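Can you make the complete structure from the sequences, with help from the hints?
Spelled out from the first residue to the last, the chains are:
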Amino acid sequence: MKLVFHYSVENFSNTYVVGPDEGGDALLIDPGVLDVRLLEAIESNSFDIRWVLITRCQPHHLRGLRTLKKVYDAEIYSRQANVLEFECQMVKPGTHLQLGPHRIDCLCYPELSHDTVIYKFQNWVFCGDLISAGKPGRTGSAYAQANLAQALERRFFTWQDDLLVFPGEGPPTTLRSEKLFNLARRSAGLEVQDQKAPVGIPEEKAP
Amino acid sequence: MGCRWDEIQLDGASFRHCFFDFGVFKRCSFKKTSFLFCSVSGSRMEDCDWTGSDLLHVNFNALEALRTQFSESDLYFTRFVGSKLDQVAFVDCNLKKTQFTGSWLQEVNFKYSNYEEAEFDTAPPPPAAPGIAL
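Just so you know, the sequences run in chain order A and B. Counting the first sequence from 1 gives a position; the numbering used here is that position plus 122. Counting the second sequence from 1 gives a position; the numbering used here is that position plus 1488.
These are calculated hints, taken from the structure and not from any lab test. Because the structure is a prediction, the values reported are computed rather than measured. Some clues are possibly wrong.
Going by beta-carbon spacing under 7 Å, a handful of chain A positions derived as facing chain B [claimed, not checked]:
| hint | residue |
| --- | --- |
| 1 | Phe-127 |
| 2 | Ala-255 |
| 3 | Gly-256 |
| 4 | Pro-293 |
| 5 | Pro-294 |
| 6 | Thr-295 |
| 7 | Thr-296 |
| 8 | Ser-299 |
| 9 | Phe-303 |
| 10 | Leu-305 |
We treat Cβ as the ideally placed atom computed from N, Cα and C, and that holds for glycine.
See the structure below:
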């Protein structure tokens, strides 16, 4: 399995493409832009974008979607039924998607925004705006920030340490590093501990 | 991850999307290297030299660095969140959007650097990184 990464200098956002080593059906996370560099990266790996996963329906995650849909006939997955003028497969919290051979766990975080969903794929997590390295996602108020810190504590930092975290903005990180150093934990006064967390994703109930 | 690097020379090397977290780097030379989108969080560094390197979007969170050179490097959008930097030089660096939030800085030299949109604030020293002791 190959992970291709693209950084958009317009949006300061990251786009990720995951596909087989030998090329073929691939999935793309957050089409913040579709420029020549990204297109070349997709084509040089012989990827055919079949699925688009959107972590949050904000412009910096979507700006390349129209161009992408002109080039590839991809199904779109997001927390909303429609994104731009395209119909989407709605992602439900705590469910998983079976996209070809890939099983992808979906978790929603309404504490950040109603349309936030993150995708866990093998030991990779594509977390969009939920966190960026060392910091929690940004909300509109101190109350919402505290809510988000609690949600992260209950439903994100409980995963196993060896997960690689790929945020929508900024450099990659690891879950162990975030557990130890993320400002969300430190501002909540949680003692920094380096201990093994329980393996697996906690169950979430669909509404 | 969690490796110990003693007197390693990697001048001119190029890495992209690599993870070096919780490492211990002592008297290493990384001059003119490229570490794009790499993660070096929770590491300890002593007497290391990154002069003239491309360190864009690198995760140096919770770094404990002593007598380390980043001079003439491009550190655009790089994170030093919750770091402890002592006698570290960022002379003539590009520090645009570099984040030092929650970091503890002592005798850090930012001479001639561009720190447009860089983030600084004050914070107590971070807890020790759980790497290997120097």
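**Q.** Hint check against the structure, violated hint numbers in rising order
**A.** none
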